[in-house]
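> These protein sequence lines map, in sequence, to chains A and B.
Counting in this note's numbering, the first sequence runs from 1 upward without gaps.
Counting in this note's numbering, the second sequence runs from 1 upward without gaps.
None of these hints come from the bench; they were simulated from the model.
Any given hint could be a false lead.
Only part of the chain B face toward chain A is listed, based on derived beta-carbon distances under 10 Å [what the hints assert, rightly or not]:
{"id": "1", "residue": "I55"}
{"id": "2", "residue": "Y275"}
{"id": "3", "residue": "L279"}
{"id": "4", "residue": "A295"}
Computed footprint of chain A on chain B, listed as stretches where at least three residues anywhere in the stretch have a Cβ under 8 Å from a Cβ of chain A [claimed, not checked]:
{"id": "5", "segment": "247-255"}
{"id": "6", "segment": "281-294"}
A virtual CB, placed ideally from N, CA and C, is assigned to each residue, including glycine.
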Amino acid sequence: MEGLNLIATALAIGLAAIGPGIGIGIIVAGALQAMGRNPEMENTLVTYMFIGIAFTEALAIFGLVISFMIAFGVIQ
Amino acid sequence: MSGRTRAIVIVVVLLAVAIASRFFLYSGDPHVEVAAEKLFSIGGFHVTNALSTAIIVDILLVVLAWLATRNLQMVPRGLQNVLEIILEALYNLLKNISPKFINRAWPLVATLFLFVLASNWLGLLPGGSSIGPCKVKEHTAARLAVVQEGPRAGAIALIPAATEKHNPYTTCPEGTTLVPWLRPPSTDLNFTFAIGLLSFVFFQYWGFRTLGIGYLSKFFNLKGIMSFVGIIEFISELIKPVALALRLFGNIFAGEVLIAVLTFLVPLVLPMPIYGFELFVGFIQALVFALLTMAFLSIATTSHEGEHHGDEHAHGAEAAQSRAH
Numbered sequence: 001m002e003g004l005n006l007i008a009t010a011l012a013i014g015l016a017a018i019g020p021g022i023g024i025g026i027i028v029a030g031a032l033q034a035m036g037r038n039p040e041m042e043n044t045l046v047t048y049m050f051i052g053i054a055f056t057e058a059l060a061i062f063g064l065v066i067s068f069m070i071a072f073g074v075i076q
Numbered sequence: 001m002s003g004r005t006r007a008i009v010i011v012v013v014l015l016a017v018a019i020a021s022r023f024f025l026y027s028g029d030p031h032v033e034v035a036a037e038k039l040f041s042i043g044g045f046h047v048t049n050a051l052s053t054a055i056i057v058d059i060l061l062v063v064l065a066w067l068a069t070r071n072l073q074m075v076p077r078g079l080q081n082v083l084e085i086i087l088e089a090l091y092n093l094l095k096n097i098s099p100k101f102i103n104r105a106w107p108l109v110a111t112l113f114l115f116v117l118a119s120n121w122l123g124l125l126p127g128g129s130s131i132g133p134c135k136v137k138e139h140t141a142a143r144l145a146v147v148q149e150g151p152r153a154g155a156i157a158l159i160p161a162a163t164e165k166h167n168p169y170t171t172c173p174e175g176t177t178l179v180p181w182l183r184p185p186s187t188d189l190n191f192t193f194a195i196g197l198l199s200f201v202f203f204q205y206w207g208f209r210t211l212g213i214g215y216l217s218k219f220f221n222l223k224g225i226m227s228f229v230g231i232i233e234f235i236s237e238l239i240k241p242v243a244l245a246l247r248l249f250g251n252i253f254a255g256e257v258l259i260a261v262l263t264f265l266v267p268l269v270l271p272m273p274i275y276g277f278e279l280f281v282g283f284i285q286a287l288v289f290a291l292l293t294m295a296f297l298s299i300a301t302t303s304h305e306g307e308h309h310g311d312e313h314a315h316g317a318e319a320a321q322s323r324a325h
């Protein structure tokens with residue numbers, strides 16, 4: 001049972017990190033391109049970039065919280 | 001000594017310190033606890049270490065605000081100047097998102113930002129999670145610990161509480177564990193859910209107040225495909241406070257666990273850049289909480305019809321201009 005818990009913990013965060021990793025890459029790439037083309041917009045773009053990152057990152061954090069819960073026996 | 005030799009010497013010394021610290025400053029198993037621990041109770045009301053830290057943060061912020069504003073001047077100096085710079089930068093950032101509602105949302109959003117920021121950074125104080133009273137263990141959940149016997153001895157693994165060994169590196173007597181006085185409130189789900197709900201109620205209230213009963217037609221309507229979109233939007237609206245809470249909790253708690261485990265593996269050198277990184281994460285998460293509250297407020301107070309009308313007006317104005325030219 002302990003071994004299964006370990007595998008579940010690792011899979012929960014490991015799988016949850018794939019999508020947001022790609023997503024944050026796309027967001028930052030887009031923001032950097034936009035800043036390069038129009039440096040005057042930098043302040044606004046950084047704000048919206050962080051909002052976008054926060055939304056995307058939340059998915060990974062859900063996985064992280066689930067893996068914490070499995071790891072520390074909150075859910076079994 | 002040339003620059004290159006110096007760099008090599010510094011790296012070698014750091015490595016030596018890191019490796020030596022593993023043997024001489026070994027501190028036993030990392031102390032990681034998902035739920036906040038009870039310090040004492042007043043008439044059935046449990047005071048956890050997260051709650052006591054939240055009160056300390058409150059006092060810190062109130063004292064800071066009092067010190068900065070007791071002698072207000074037109075040309076600010078000292079503490080007043082520092083706080084004005086910080087708050088002005090935040091104000092301008094938030095004004096970008098919703099210029100119309102900034103003055104209404106500012107007191108709440110700025111308070112949330114300062115509170116979350118202070119509570120995130122308080123967890124990084126050295127000694128914060130290693131000073132406190134010894135308590136008898138009450139829970140039975142598994143925890144991270146070092147395997148003592150068997151083929152996997154020395155590895156970190158999940159060990160059920162029943163078989164957990166006493167940590168000889170703390171000053172606590174056998175059968176008790178150390179409960180730290182300080183624990184950042186953001187690593188307690190109760191706290192993050194509370195401020196998540198606070199911000200949820202806030203932007204729902206302003207949504208209703210601005211759009212009237214028509215606010216509900218965003219979610220429930222009978223306009224073909226939009227009725228289905230409305231249901232999805234309703235669900236995503238309900239997820240918002242949960243996402244706010246889990247985002248803050250996950251980020252800060254993960255940082256605490258990371259520092260605890262790294263300090264256990266290599267007590268010196270390696271955790272130091274992580275401390276810098278966690279300072280950054282704590283700031284960004286506080287900022288993101290404020291930004292998202294503002295963004296949700298701005299979304300809740302715009303109606304779908306309003307946007308269309310606005311667009312048509314704008315197009316109409318442009319068309320009229322181009323005709324005039």
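> Tell me if I55 (chain B) is really an interface residue toward chain A, meaning its C-beta lies closer than 10 Å to one of theirs.
26 Å, violated
> Using the nearest Cβ pair, does Y275 (chain B) come within less than 10 Å of chain A?
20 Å, violated
> With a cut-off of 10 Å, does the beta carbon of A295 (chain B) approach a beta carbon of chain A closely enough for the hint to hold?
Given a least distance of 6 Å, the restraint on A295 (chain B) holds.
> Are three or more residues of the segment 247-255 of chain B within 8 Å, CB to CB, of chain A?
Holds, because 6 residues of the segment 247-255 of chain B bring their Cβ atoms closer than 8 Å to Cβ atoms of chain A.
> Can you tell me if the segment 281-294 of chain B counts as covered by chain A, using C-beta to C-beta distances under 8 Å and a minimum of three residues?
Holds: 5 residues of the segment 281-294 of chain B have a Cβ under 8 Å from chain A.
> Under the criterion of a CB-CB separation shorter than 10 Å, is L279 (chain B) in contact with chain A as hinted?
17 Å, violated
When held up to the earlier numbered hints, the structure conflicts with 1, 2, 3 and fits the remainder.
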